[in-house]
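Chemist: Below, each chain spelled out in residue letters.
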Amino acid sequence: MVRSAEQPKRWQDDLYEELKKANVTQFCYVPDAGHSVLIDRSLADPEVHSIGLTSEEEGVAMLAGADLGGARGVLLMQSSGVGNCINMLSLIKGSRFPFLAIVSMRGEFGEGNAWQFAMGQAVEQVMSAMGVICLRVERPEDVVATINAALTMTFRAGQSVAVLLAQKLLGAKKF
Amino acid sequence: MKIERLPAAPARFALERTKVVPALIGRHQDFLIITGLAGAVYEVSALTDNADYFYGLGGAMGAASMMGLGLALAQPKRKVLVVTGDGEMLMSLGSLCTVATVNPPNLSILCVDNGHYGETGYQISHTSRCVDLEAIARGAGIRLTHSVIIEADIAEGARLLRAGGDTSFVLASVKPTDGPKGMLNLNGAECRDIFRRALLGPH
Numbered sequence: 001m002v003r004s005a006e007q008p009k010r011w012q013d014d015l016y017e018e019l020k021k022a023n024v025t026q027f028c029y030v031p032d033a034g035h036s037v038l039i040d041r042s043l044a045d046p047e048v049h050s051i052g053l054t055s056e057e058e059g060v061a062m063l064a065g066a067d068l069g070g071a072r073g074v075l076l077m078q079s080s081g082v083g084n085c086i087n088m089l090s091l092i093k094g095s096r097f098p099f100l101a102i103v104s105m106r107g108e109f110g111e112g113n114a115w116q117f118a119m120g121q122a123v124e125q126v127m128s129a130m131g132v133i134c135l136r137v138e139r140p141e142d143v144v145a146t147i148n149a150a151l152t153m154t155f156r157a158g159q160s161v162a163v164l165l166a167q168k169l170l171g172a173k174k175f
Numbered sequence: 001m002k003i004e005r006l007p008a009a010p011a012r013f014a015l016e017r018t019k020v021v022p023a024l025i026g027r028h029q030d031f032l033i034i035t036g037l038a039g040a041v042y043e044v045s046a047l048t049d050n051a052d053y054f055y056g057l058g059g060a061m062g063a064a065s066m067m068g069l070g071l072a073l074a075q076p077k078r079k080v081l082v083v084t085g086d087g088e089m090l091m092s093l094g095s096l097c098t099v100a101t102v103n104p105p106n107l108s109i110l111c112v113d114n115g116h117y118g119e120t121g122y123q124i125s126h127t128s129r130c131v132d133l134e135a136i137a138r139g140a141g142i143r144l145t146h147s148v149i150i151e152a153d154i155a156e157g158a159r160l161l162r163a164g165g166d167t168s169f170v171l172a173s174v175k176p177t178d179g180p181k182g183m184l185n186l187n188g189a190e191c192r193d194i195f196r197r198a199l200l201g202p203h
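Just so you know, the sequences run in chain order D and H. Throughout the first sequence, residue numbering follows the numbering used here, covering 1 to 175 in sequence. Throughout the second sequence, residue numbering follows the numbering used here, covering 1 to 203 in sequence.
Just so you know, these hints were derived from the structure itself, not from any lab. Any given hint might turn out to be false.
[What the hints assert, rightly or not] Below, a list of computed lysine-lysine pairs in the PhoX-like style, where the Cα atoms sit at most 25 Å apart:
(1) D:K9 x D:K20
(2) H:K77 x D:K20
(3) D:K21 x H:K77
(4) H:K19 x H:K175
[As the list claims (entries may be wrong)] So the derived label-pair ranges between C-beta atoms look like this:
(5) D:I133 x H:R159: 39 to 49 Å
(6) H:K175 x D:T54: 26 to 36 Å
(7) H:Y122 x D:I133: 39 to 49 Å
[Claimed, not checked] Quick look at which bits of chain H chain D covers, simulated, 3 or more residues with Cβ under 8 Å:
(8) 69 to 76
(9) 87 to 100
(10) 159 to 165
For glycine and all other residues, C-beta sits at the position ideal for the given N, C-alpha and C.
Construct all of the structure, not just a fragment, from the sequences and the given hints.
Modeler: Structure below.
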């Protein structure tokens with residue numbers, strides 16, 4: 001589809017299309033404003049499964065099950081959900097499952113809600129403690145290269161990777 | 001005033017798991033099987049002789065049902081069976097809600113409820129007090145549910161685990177004893193490789 005100059009393609013659409021190109025067919029998420037484009041596009045796409053979760057650790061286990069069946073998936077969550085995943089990530093590390101998460105960050109650049117800082121600031125430490133490699137994106141022009149790097153590291157090299165969409169990229173929520 | 005009492009409900013936690021679990025599962029070769037940690041994983045590794053269509057968890061408590069969901073969606077032509085205990089299920093009740101919203105027809109969950117945390121010394125679990133996991137599964141929206149409390153309940157439980165059409169949840173209420181202890185492979189990465197190679201071929 002050709003888009004006019006007034007409507008530049010959103011980086012969120014590029015992100016979705018790169019995931020599709022890499023045969024990601026299971027999208028699981030806890031609803032989040034920062035992921036609304038990916039969530040809505042996966043829900044509208046009959047070629048993928050789009051699964052709402054009650055808590056983020058469910059997605060970690062689900063992606064391990066997908067891998068056992070030869071499918072690829074991604075977990076979409078907010079930084080606050082990273083803490084909910086900690087022990088479930090032992091499944092990923094212990095059994096060397098490939099694992100891809102995209103995390104919309106809160107509790108950093110321009111955050112106005114004090115409740116978000118504790119977990120937001122701990123995301124990289126928590127992830128790296130559980131063996132998940134973090135790739136942080138702050139500029140729209142870096143989104144595609146970063147997700148492709150993450151897809152290669154995850155599904156070719158079998159690593160666990162979290163792409164962190166920084167609050168500088170997403171914009172801080174207004175209070 | 002005369003008070004009419006309902007007939008007493010059959011006593012729970014009375015069946016022998018060594019009889020009930022094999023009778024409910026039947027021909028285990030028909031399934032891809034995920035088991036939760038502790039009692040269930042020992043039991044199914046013994047039942048299947050550590051078969052390559054069985055992936056048993058040695059940790060990650062609460063993972064079993066959601067692993068079953070991911071596998072069922074990835075392999076829509078295969079029947080996927082999750083076998084887990086009451087303690088593992090209690091840790092991931094939200095998974096029942098998530099599974100119900102998706103309702104894959106090729107997924108069944110068998111929860112072996114002995115009312116105790118057998119692995120850690122038989123402390124009682126919430127199901128010994130008041131919690132009814134079948135009612136929770138039904139309340140979550142799982143359409144095919146059944147409790148196996150007396151022997152006469154087994155046939156319907158076995159049928160539901162293979163019924164298809166909707167996801168099913170069968171609760172087997174058994175005595176607080178261990179199942180048979182098979183040789184357990186605690187190397188998760190090796191188990192993953194074995195399972196994937198058998199299902200997907202070498203690659």
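Chemist: Hint by hint, say whether it matches the structure.
Modeler: Here's how the hints hold up against the structure:
| no. | hint | in the structure |
| --- | --- | --- |
| 1 | D:K9 x D:K20 | 17 Å, holds |
| 2 | H:K77 x D:K20 | 22 Å, holds |
| 3 | D:K21 x H:K77 | 24 Å, holds |
| 4 | H:K19 x H:K175 | 11 Å, holds |
| 5 | D:I133 x H:R159: 39 to 49 Å | 47 Å, holds |
| 6 | H:K175 x D:T54: 26 to 36 Å | 32 Å, holds |
| 7 | H:Y122 x D:I133: 39 to 49 Å | 41 Å, holds |
| 8 | 69 to 76 | holds (count 7) |
| 9 | 87 to 100 | holds (count 5) |
| 10 | 159 to 165 | violated (count 0) |
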